[in-house]
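Protein chains: 4
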Amino acid sequence: MLVDCSDRPGLVHQITGVLFRANCNVLMNHEYADAEAGRFFMRTEFVGGANAGAMEKELKGLLPIDARIRLTQPGPRRLAVLVSKEHHCVADILIRCAFGELDATVAGVISNHRDLEPLVAKFDVPFHYCTHEGVLREEHERRLQKLIEAMKADYVVLAKYMRILGKEFVSHYPHRMINIHHSFLPAFVGARPYQQAFERGVKVIGATAHFVTEQLDEGPIIVQQVIPVDHSHSPQELSRAGRDVEQMALARSLRLVLEDRVFLNGNRTVIFD
Amino acid sequence: MLVDCSDRPGLVHQITGVLFRANCNVLMNHEYADAEAGRFFMRTEFVGGANAGAMEKELKGLLPIDARIRLTQPGPRRLAVLVSKEHHCVADILIRCAFGELDATVAGVISNHRDLEPLVAKFDVPFHYCTHEGVLREEHERRLQKLIEAMKADYVVLAKYMRILGKEFVSHYPHRMINIHHSFLPAFVGARPYQQAFERGVKVIGATAHFVTEQLDEGPIIVQQVIPVDHSHSPQELSRAGRDVEQMALARSLRLVLEDRVFLNGNRTVIFD
Amino acid sequence: MLVDCSDRPGLVHQITGVLFRANCNVLMNHEYADAEAGRFFMRTEFVGGANAGAMEKELKGLLPIDARIRLTQPGPRRLAVLVSKEHHCVADILIRCAFGELDATVAGVISNHRDLEPLVAKFDVPFHYCTHEGVLREEHERRLQKLIEAMKADYVVLAKYMRILGKEFVSHYPHRMINIHHSFLPAFVGARPYQQAFERGVKVIGATAHFVTEQLDEGPIIVQQVIPVDHSHSPQELSRAGRDVEQMALARSLRLVLEDRVFLNGNRTVIFD
Amino acid sequence: MLVDCSDRPGLVHQITGVLFRANCNVLMNHEYADAEAGRFFMRTEFVGGANAGAMEKELKGLLPIDARIRLTQPGPRRLAVLVSKEHHCVADILIRCAFGELDATVAGVISNHRDLEPLVAKFDVPFHYCTHEGVLREEHERRLQKLIEAMKADYVVLAKYMRILGKEFVSHYPHRMINIHHSFLPAFVGARPYQQAFERGVKVIGATAHFVTEQLDEGPIIVQQVIPVDHSHSPQELSRAGRDVEQMALARSLRLVLEDRVFLNGNRTVIFD
Numbered sequence: 002m003l004v005d006c007s008d009r010p011g012l013v014h015q016i017t018g019v020l021f022r023a024n025c026n027v028l029m030n031h032e033y034a035d036a037e038a039g040r041f042f043m044r045t046e047f048v049g050g051a052n053a054g055a056m057e058k059e060l061k062g063l064l065p066i067d068a069r070i071r072l073t074q075p076g077p078r079r080l081a082v083l084v085s086k087e088h089h090c091v092a093d094i095l096i097r098c099a100f101g102e103l104d105a106t107v108a109g110v111i112s113n114h115r116d117l118e119p120l121v122a123k124f125d126v127p128f129h130y131c132t133h134e135g136v137l138r139e140e141h142e143r144r145l146q147k148l149i150e151a152m153k154a155d156y157v158v159l160a161k162y163m164r165i166l167g168k169e170f171v172s173h174y175p176h177r178m179i180n181i182h183h184s185f186l187p188a189f190v191g192a193r194p195y196q197q198a199f200e201r202g203v204k205v206i207g208a209t210a211h212f213v214t215e216q217l218d219e220g221p222i223i224v225q226q227v228i229p230v231d232h233s234h235s236p237q238e239l240s241r242a243g244r245d246v247e248q249m250a251l252a253r254s255l256r257l258v259l260e261d262r263v264f265l266n267g268n269r270t271v272i273f274d
Numbered sequence: 002m003l004v005d006c007s008d009r010p011g012l013v014h015q016i017t018g019v020l021f022r023a024n025c026n027v028l029m030n031h032e033y034a035d036a037e038a039g040r041f042f043m044r045t046e047f048v049g050g051a052n053a054g055a056m057e058k059e060l061k062g063l064l065p066i067d068a069r070i071r072l073t074q075p076g077p078r079r080l081a082v083l084v085s086k087e088h089h090c091v092a093d094i095l096i097r098c099a100f101g102e103l104d105a106t107v108a109g110v111i112s113n114h115r116d117l118e119p120l121v122a123k124f125d126v127p128f129h130y131c132t133h134e135g136v137l138r139e140e141h142e143r144r145l146q147k148l149i150e151a152m153k154a155d156y157v158v159l160a161k162y163m164r165i166l167g168k169e170f171v172s173h174y175p176h177r178m179i180n181i182h183h184s185f186l187p188a189f190v191g192a193r194p195y196q197q198a199f200e201r202g203v204k205v206i207g208a209t210a211h212f213v214t215e216q217l218d219e220g221p222i223i224v225q226q227v228i229p230v231d232h233s234h235s236p237q238e239l240s241r242a243g244r245d246v247e248q249m250a251l252a253r254s255l256r257l258v259l260e261d262r263v264f265l266n267g268n269r270t271v272i273f274d
Numbered sequence: 002m003l004v005d006c007s008d009r010p011g012l013v014h015q016i017t018g019v020l021f022r023a024n025c026n027v028l029m030n031h032e033y034a035d036a037e038a039g040r041f042f043m044r045t046e047f048v049g050g051a052n053a054g055a056m057e058k059e060l061k062g063l064l065p066i067d068a069r070i071r072l073t074q075p076g077p078r079r080l081a082v083l084v085s086k087e088h089h090c091v092a093d094i095l096i097r098c099a100f101g102e103l104d105a106t107v108a109g110v111i112s113n114h115r116d117l118e119p120l121v122a123k124f125d126v127p128f129h130y131c132t133h134e135g136v137l138r139e140e141h142e143r144r145l146q147k148l149i150e151a152m153k154a155d156y157v158v159l160a161k162y163m164r165i166l167g168k169e170f171v172s173h174y175p176h177r178m179i180n181i182h183h184s185f186l187p188a189f190v191g192a193r194p195y196q197q198a199f200e201r202g203v204k205v206i207g208a209t210a211h212f213v214t215e216q217l218d219e220g221p222i223i224v225q226q227v228i229p230v231d232h233s234h235s236p237q238e239l240s241r242a243g244r245d246v247e248q249m250a251l252a253r254s255l256r257l258v259l260e261d262r263v264f265l266n267g268n269r270t271v272i273f274d
Numbered sequence: 002m003l004v005d006c007s008d009r010p011g012l013v014h015q016i017t018g019v020l021f022r023a024n025c026n027v028l029m030n031h032e033y034a035d036a037e038a039g040r041f042f043m044r045t046e047f048v049g050g051a052n053a054g055a056m057e058k059e060l061k062g063l064l065p066i067d068a069r070i071r072l073t074q075p076g077p078r079r080l081a082v083l084v085s086k087e088h089h090c091v092a093d094i095l096i097r098c099a100f101g102e103l104d105a106t107v108a109g110v111i112s113n114h115r116d117l118e119p120l121v122a123k124f125d126v127p128f129h130y131c132t133h134e135g136v137l138r139e140e141h142e143r144r145l146q147k148l149i150e151a152m153k154a155d156y157v158v159l160a161k162y163m164r165i166l167g168k169e170f171v172s173h174y175p176h177r178m179i180n181i182h183h184s185f186l187p188a189f190v191g192a193r194p195y196q197q198a199f200e201r202g203v204k205v206i207g208a209t210a211h212f213v214t215e216q217l218d219e220g221p222i223i224v225q226q227v228i229p230v231d232h233s234h235s236p237q238e239l240s241r242a243g244r245d246v247e248q249m250a251l252a253r254s255l256r257l258v259l260e261d262r263v264f265l266n267g268n269r270t271v272i273f274d
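Residue numbers (our numbering), protein chains in the order written: chain A, 2 to 274; chain B, 2 to 274; chain C, 2 to 274; chain D, 2 to 274.
Hint data in this document are derived by calculation from the structure and do not stem from the laboratory.
There's no promise every hint is true.
One copy or two, either will do: identical chains are not told apart, so a pair holds if it fits within one copy or between any two.
As the list claims (entries may be wrong) - Below, a list of computed lysine to any residue pairs in the SDA-like style, where the Cα atoms sit at most 20 Å apart:
#	residue 1	residue 2
1	86	101
2	86	102
3	123	100
4	147	164
5	86	100
6	123	108
7	86	187
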């Protein structure tokens with residue numbers, strides 16, 4: 002159960018009271034109150050408590066009016082994965098889903114290029130080629146949307162999808178679309194970050210997994226990972242090192258999201274890990 | 002407030018109820034249940050609630066019989082720091098205490114050597130020279146104990162104190178004595194860990210801050226930090242790199258202990274940071 | 002070109018002289034002298050210099066009698082990968098070889114279990130089932146050896162192969178067999194390292210990629226990587242976190258070995274990266 | 002000896018030849034060629050070779066016309082340290098210099114505030130109060146410059162000096178002025194980086210030690226270090242964590258500079274560590 006609402010005294014006592022009376026056995030509890038924003042966040046893992054609907058109703062009655070309550074069950078979610086030509090992130094996701102390291106099913110992979118079709122086929126996952134050439138962006142994005150809909154995807158993962166997506170498209174997946182950005186945001190926003198990093202002579206590079214919002218590269222950050230580099234790394238070698246961090250950061254962010262550990266707090270995240 | 006006791010359903014609800022009824026305003030809550038050991042840990046930061054004694058009594062009545070309840074106030078604790086010849090850890094502690102980065106006062110520094118007397122004097126902290134030469138170990142440790150007692154120290158910090166302490170001495174400071182061990186325990190137990198690390202050709206070295214128990218180097222670990230190294234590091238250079246990690250690990254463990262964030266769970270720690 | 006020999010003044014001048022006179026264009030040079038052992042190591046990447054045999058001969062005449070000289074060409078090496086039931090390391094190697102991230106071909110995968118056969122088949126790599134049941138260890142290892150020989154493997158990779166190999170078998174692959182050890186050696190030698198790590202309450206776990214020698218877990222270390230953990234990690238979660246570090250450490254060590262960046266210096270390595 | 006010049010075949014052979022003929026015994030050699038910029042860098046540690054002037058002259062005759070040759074002796078350099086109100090970086094430098102961990106003498110500390118005078122006095126180092134109030138910036142900087150001159154400082158260290166320095170002032174210390182920037186450049190350029198980091202919800206913060214050039218925060222980076230953070234860090238806690246990284250990054254950059262391990266390569270550095 003994930004609850005977030007305006008903060009006020011007694012919330013933990015009230016919420017745990019509902020769980021206790023419903024005979025739920027709490028396995029793990031996490032709370033956080035953002036003092037500045039005056040907002041309270043709580044995540045509870047529990048077993049038992051047959052009547053979820055009744056519990057949710059009771060909580061709604063007790064908690065502040067702005068409370069958001071999510072009661073979820075563990076179990077594989079469905080992912081739509083969008084890619085372009087780079088293999089490393091989608092390969093890692095396919096492996097992790099195939100072996101149960103991520104509690105998810107890849108419902109399909111969509112790409113504007115054919116390069117990764119053979120890889121995806123190995124894992125008996127549908128590959129949808131959807132070119133952006135010769136079609137208007139709006140039309141292209143409508144096609145993507147239709148494909149995602151047909152997959153009944155719970156989450157959309159941009160696993161090195163190298164095209165910018167329009168506001169209208171993005172608006173259909175609020176907090177359900179995760180991107181891996183090839184830099185340690187907010188540094189090196191935009192294209193060719195490893196070339197930029199090389200030119201600036203940085204000594205550490207990183208990658209950022211974040212929710213996609215209408216503002217390009219500005220969505221709430223889920224995971225950031227870094228790796229030390231030095232002068233002897235060419236842009237190509239920075240890029241190779243970057244691929245490893247990208248892959249790890251995206252996998253970690255997906256685990257957190259799929260285990261329902263991520264809250265939104267304005268443009269920031271609250272993560273109970 | 003820190004509470005730990007046997008785990009059972011409803012504990013969070015009960016404890017937060019006591020706080021709520023006493024008009025306490027909870028700032029932050031952390032809980033953890035060790036499923037294997039069946040033990041529950043909870044740390045609550047709160048303001049208000051005038052009558053601490055009454056609250057503690059009420060909690061004792063409600064909670065399992067084996068409950069340990071600690072109600073502490075923030076405010077500077079007193080440290081007795083034991084050193085030998087190496088300066089880096091004690092210098093760091095003196096600076097951090099002098100500038101309020103650690104919420105503590107160095108009540109005195111005790112050493113079996115005179116090397117660090119000038120450094121300690123700079124900070125207007127008493128320096129006690131207590132040689133181990135020409136006295137039996139039991140007698141030496143009795144003298145140490147007397148000095149520590151006179152300081153009214155809350156915690157004893159072994160900041161590169163290079164002599165082994167006897168069980169009798171150690172038994173007076175259960176979970177109140179913190180040591181920085183110059184290795185990434187449990188590797189390289191014992192003397193000359195950097196020479197050992199060099200000979201084994203490790204690619205990472207580390208330091209471990211832990212509570213001191215009767216078993217040498219076997220007490221509950223509070224903090225471990227690491228740093229990458231390579232073949233070009235001589236034992237001397239490993240040692241220099243090690244000093245930086247030791248200093249950081251010890252400072253971090255002291256902050257955690259002084260902020261009452263550390264529980265003991267058998268020979269392990271539970272840390273809410 | 003990799004050269005190592007007893008150290009003495011003028012070696013760099015002599016070696017670079019041979020390259021210069023042979024019209025080689027040096028791209029990158031690395032040297033290291035181990036002062037304690039009195040040994041010199043040099044790695045040179047160059048283009049040009051048609052007559053490798055003549056160069057090697059000239060160097061042999063100039064350098065100390067104990068000099069080892071290796072002239073290698075970049076180009077895919079052949080790997081024999083031994084596995085048991087865990088997929089993560091071999092999956093990562095298969096992906097990296099398939100996409101040219103490692104300059105190698107997986108010549109075959111050998112296992113004492115059938116679990117990973119479907120995964121390996123996806124990558125069109127031969128899978129050899131070679132059970133250890135009902136055969137003597139010597140006979141089992143002879144079968145392994147025959148399989149490896151038939152693959153014409155340059156390197157043998159133990160990618161979570163969970164059986165101990167005999168001295169006789171190991172002796173056939175001096176510095177050509179790489180193992181990933183599921184701990185931050187020399188800590189937690191032996192079985193169930195994550196259970197051991199949990200019980201000791203460590204705050205950092207790691208993995209070690211090393212050459213296999215006759216002494217179990219005692220061979221020269223190539224790569225060590227670490228990841229921070231805390232009290233909330235169960236042995237299972239430590240193990241999951243460990244899999245990620247194992248995979249990264251093994252991949253990195255393979256890259257270093259395949260790019261001829263690793264020297265042996267007694268039981269340690271010298272690595273020019 | 003540090004040499005950098007246009008790259009061409011045979012440079013290592015020529016330079017080591019000069020050293021060999023002068024009876025120098027090379028302890029350690031590092032070279033790097035920047036293929037893109039066509040520039041060659043070499044650092045050699047050696048003993049012997051009495052006549053440095055003759056060697057330099059011979060090298061000048063052999064090497065490309067644009068060669069820069071520096072022959073330096075180990076031995077304490079003189080530091081002028083500029084501070085404002087924050088103590089952590091200057092305290093660390095004072096300790097390290099006092100105990101020989103940095104091969105340098107703090108020739109004096111200059112500040113536009115009186116806060117740190119007592120700390121500096123403890124170490125018997127002159128403290129110069131030089132207010133910026135009531136004087137024009139040009140005049141203030143002329144006074145700073147005079148103080149630095151009087152100290153005969155080899156390097157100027159901005160150890161949390163919180164005022165922007167003018168181009169004219171900066172131009173007197175090319176590659177001799179080192180700043181610690183309280184962010185992981187190029188992210189969060191400018192003031193209040195920890196507030197910015199908090200608002201962006203980053204999961205890693207860092208610090209950057211760099212040479213000061215006329216472009217604010219744009220000079221060549223020497224060291225970058227990072228530390229993971231999460232949603233529970235307030236701006237104040239980010240700032241506290243940041244102080245530790247700042248201190249370590251600045252200390253490390255000073256060690257590298259004082260050991261003559263840092264080259265400039267355009268706006269980047271080449272570092273042989």
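Now the hints, each set against the structure:
Proximity of residue 86 to residue 101 under the C-alpha cut-off of 20 Å is restricted to the inter-copy arrangement: shortest distance 14 Å between copies versus 25 Å within a copy. Taking CA atoms no more than 20 Å apart as the test, residue 86 paired with residue 102 passes between copies only; the shortest distance there is 14 Å, against 24 Å inside one copy. With identical chains, the CA atoms of residue 123 and residue 100 are at most 20 Å apart both within one copy (14 Å) and between copies (14 Å). When the C-alpha separation of residue 147 and residue 164 is checked against a cutoff of 20 Å, the pair qualifies only within one copy, where the shortest distance is 18 Å, while the shortest distance between copies is 50 Å.
With identical chains, the CA atoms of residue 86 and residue 100 are at most 20 Å apart between copies only, with a shortest distance of 11 Å across copies and 24 Å within one. In this homomeric assembly, residue 123 and residue 108 come within 20 Å of each other (Cα to Cα) both inside a single copy, at 14 Å, and across copies, at 19 Å. Taking the closest pair of Cα atoms, residue 86 and residue 187 never come within 20 Å of each other, the shortest separation being 24 Å inside a single copy and 28 Å across copies.
Hint 7 from the earlier list is the only one contradicted by this structure; the remaining hints agree with it.
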